[in-house]
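Two chains, each in its own frame: build the complex with the hints.
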Amino acid sequence: MTELKRIIKAGYVNFKRNGSVSFAAVLQVMNTLAVILLIVLLQAVLYSALDQIRNKVDITIYFNTGAPEEKIMLLKSSLEKLPEVDRVSFTSAEDNFKSFSKLHSEDYSTIAALDEIGINPLGATLDVKAKEISQYENIAKFMESDNALVVGTSSIIYKINYYQNKLVIERLNSIISGSQRLGFLLTLYLVISSIIITFNIIRLTIFFTKEEISVMRLVGASKMRVRGPFMVEGALYGIVATIVILIIFAPATAWLGKHMTDFLGINMYNYYLSNFFQIFAIILLSGILLGVVSSFLAVRRYLNK
Amino acid sequence: MIYFNNVSKVYKDAVALDDVTVTITAGEFVSIVGHSGAGKTTLTKMILADTIPTDGTVFFESIDVHKLKNKDLTKLRRRIGMVFQDFKLLPNKTAFENIAFAMEAVGKSDEEIASDVPHVLELVDLSHRMNHFPKQLSGGEQQRLAIARAIINQPELIIADEPTGNLDPINTHEIVQILKKINDLGTTVILATHNKGVIDAIGKRVITMENGKVIRDTKHHK
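Keeping their order, the protein sequence lines are chains L and D.
For the first sequence, counting from 1, position 193 maps to 193 in the working numbering; every step adds exactly one.
Add 1000 to a position in the second sequence, counting from 1, and you land on the number used in the working numbering.
Just chain D, same shape as in the assembly (with noise of 0.2 Å):
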């Protein structure tokens, strides 16, 4: 589903990502690790053409994401769900209108944005604060929603980078079981982030991350 070919990403001076080379198939559950700086944001973002890599290419499916003009791009945006470690939320729109602006960016109709929100904010235990604007929310909550707004079109990938980042081990753990969850339904899901009670807790692929290369790729971790 996603083929990472001979990528390299190099700023003034650093280097983010060096001749990485990694295949994701359909379904997975895969995630990255390492420390901050070691490459896993980078990794992530060039799937969404987010960043430029400076040498080697990006496939999603049999397209090259860096290849695609600004129109095929938002459309391949739309294939995937994104979730941030300080969530992106929208802070001027209510917790319902989060979600109902990532169905409107595809096209979806007022009926179908009435029905499936608070379907969706139900499955993240969200019901209760769907008029709720972002900054009157919890941290846990705030990612749920997030999560939500992720998944509403059914996108063919989750990309998490650093789901966990700011959450106590409570909000932690649901929000890696919504994820498991998603992935079980047949959703990709890749995670990235540097906890490892995290990937302990989903017991999945795990690829590891140093300075920029890929140092372990642990299909089945435990």
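Just chain L, same shape as in the assembly (with noise of 0.2 Å):
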């Protein structure tokens, strides 16, 4: 206990009288942070980008009219089972009648149409939402099968829009994960040299003290007497830089949701301040991990003497 005491305040002495050198790691761990911080943001921007794209995605069943409600509810029942599928919501014929009449309302010959047939010549539908845009093809295929239609339903089921928006998915779909690769291998470019980056500064802090590690090991210290303060003051890098850039990130986010809305598609102020402990969190941690581990293996090559 007192040994981990004399670490904590030797490591916290270290930092106070280092100021410059001090000062230079803080500043590079920052960045390091502030990439990794800007990349959970633009995460969020992409994320929430895609899950538009996919809400606007989905396939329409079209039953003839006339086609029994009962199979119609006994097909969306099958379909939910489907692990794929999102969820599935009916449109009966008469709400499809409504909106296409309230849709045309001012087209006075697609009116005059309809009131010379007389009846509703739309049919029910069931617009089908899966999970993910890779699916739909899954699930067209399971409306194809026999296992969906051995109650009957081919007979009911007018046409699936699936195959004239197939182009359009696919391709979405292969927008949406080649941006998420992307995205991924960008994340990982960036953190990587971020790190080493950060790395190879504290290890030249270090490197400076070299000669005053070699003198602790021969007045007797122990390997974790001298190693732990280099630690200590890895991880008041990492804290300290996480407040700073917590701190300035605040007015960076207000802005982007006053003026960059719209652009975004999502607010960046309460993106940030409603996941703020979540953000916090992953920043301290990167901070500290960052400034721990570079401090512990950069005395290493010093200690093993």
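Hint data in this document are derived by calculation from the structure and do not stem from the laboratory.
Since we're looking at a predicted model, the values are computed, not measured.
Don't take every hint at face value.
Computed spacing ranges between beta-carbons, pair by pair [claimed, not checked]: (1) D:Ala1014 to L:Phe208: 26 to 36 Å; (2) D:Leu1185 to L:Leu204: 36 to 46 Å; (3) D:Gly1107 to L:Phe207: 21 to 31 Å; (4) D:Asn1166 to L:Gln43: 51 to 61 Å; (5) D:Lys1071 to L:Lys210: 18 to 28 Å.
The calculated lysine to aspartate or glutamate pairs, modelled on EDC-like cross-linking and capped at a C-alpha distance of 16 Å, are [stated by the list, open to error]: (6) L:Lys223 to D:Asp1072; (7) D:Lys1135 to L:Glu212; (8) L:Lys9 to D:Glu1097; (9) D:Lys1093 to D:Glu1141; (10) L:Lys5 to D:Asp1110; (11) D:Lys1108 to L:Glu3; (12) D:Lys1093 to L:Glu211; (13) D:Lys1093 to L:Glu212.
Note that CB positions come from ideal geometry on N, CA and C, so glycine has one too.
What follows is the structure, given as structure tokens:
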């Protein structure tokens, strides 16, 4: 316990006394944390954009007029059992007629034609939303398979619009998975390069004290007694950098929230505030881990004497 | 206490030690003299296992120092106080903290540190410099601080490697007197130096080295 207290105190004192070196190290850890935080925020923008695209895609099953509702409901419940399906919504023939009429309320020739027919020419529909865009094909295939048709639904289905939308759906799917992959690679590159730079800056700060490390060992200090304060210093770089970065990002996201919400499709400030504790935890942990691990590894090479 | 048994150290293109056999008994004051490159520093570093011999063995009492594991080596080093020509103080620590660090390293309590450090600083006449950093001290003061650090844990052996190399004659005299006093109190002292005046002032056993060999071992020098 005394040892731990001494290590923490020595780390804090070194951090304070090494003024300019600590400042440089904190700045560099801040750069890395800023990159990580930017990536977290960009991911939020990307995912909200992808969600919006996803929500615009669905497939609609059109039924023949007069198709019995219980059969449609049977199909609905068998679709809902599919793991790929997120939700299925039913629209009755009457509702379809109402919305069609409303949509064409100013198109007098269409209204006149409908009046002429005297009956509802539209059937009921089922809107199927998949969990992932890539799963629409499976759902469409399921519709064609025997499993879905055992109840004799083939006779009541007028058409499924998947094949008209197939190209758009597939293209969207490849854009989404491509942007996710690119985002991941970019994240990986930025995070790894920032970590390497930070590690080397910290290693450089410790390089200047390598003589000191050997003196400490010569006066009989244990490895932990030598290494501990450097690790505490590293953790302090992370803590200070986290606090500064989170303070800087508050007005920055507020500005983005005020001026860029339409463009980004998400209110950055609201996102930042509502996820503050998760963001705080991610950034703080990254900062401390970066500082502590870098210091641990950097001291190691001078300790083995 | 210390036994060098046919110790040799060969670097790529130079022989630092050539078949050295020396015995040092407890309580002795031994001066090792020789020109630069004679092998004095290599010999003292061998005791701390800071340098590994190419051949031969070095014993500290019954311990073969080069067979020690890291943890045991740390324990051995705690029994030895070191004084260097370039002081090797911790620049970011005050005079008090430099000595306190050596005490912390051996696990002394805060109370012991608070009572012993001022005492040893008084012994080397540095009480008034307690809160100064090494760079704020003169060369002589830094060396006195280094000695205070070396003796604080009451080691069985003090190794002083050219402790007066960077000092003027007055400071040199002071350091020699302090080392003699330490020896008088029962601590074994090994002093490596090339300063003949220092050896004359001490007047005890002198081992003369040249090109890595012991060429003379005079028990009572005068």
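So, going through the hints one by one against the coordinates:
| no. | hint | result |
| --- | --- | --- |
| 1 | D:Ala1014 to L:Phe208: 26 to 36 Å | holds, 30 Å |
| 2 | D:Leu1185 to L:Leu204: 36 to 46 Å | holds, 44 Å |
| 3 | D:Gly1107 to L:Phe207: 21 to 31 Å | holds, 29 Å |
| 4 | D:Asn1166 to L:Gln43: 51 to 61 Å | holds, 59 Å |
| 5 | D:Lys1071 to L:Lys210: 18 to 28 Å | holds, 22 Å |
| 6 | L:Lys223 to D:Asp1072 | holds, 12 Å |
| 7 | D:Lys1135 to L:Glu212 | holds, 14 Å |
| 8 | L:Lys9 to D:Glu1097 | holds, 12 Å |
| 9 | D:Lys1093 to D:Glu1141 | holds, 15 Å |
| 10 | L:Lys5 to D:Asp1110 | holds, 11 Å |
| 11 | D:Lys1108 to L:Glu3 | holds, 10 Å |
| 12 | D:Lys1093 to L:Glu211 | holds, 14 Å |
| 13 | D:Lys1093 to L:Glu212 | holds, 11 Å |
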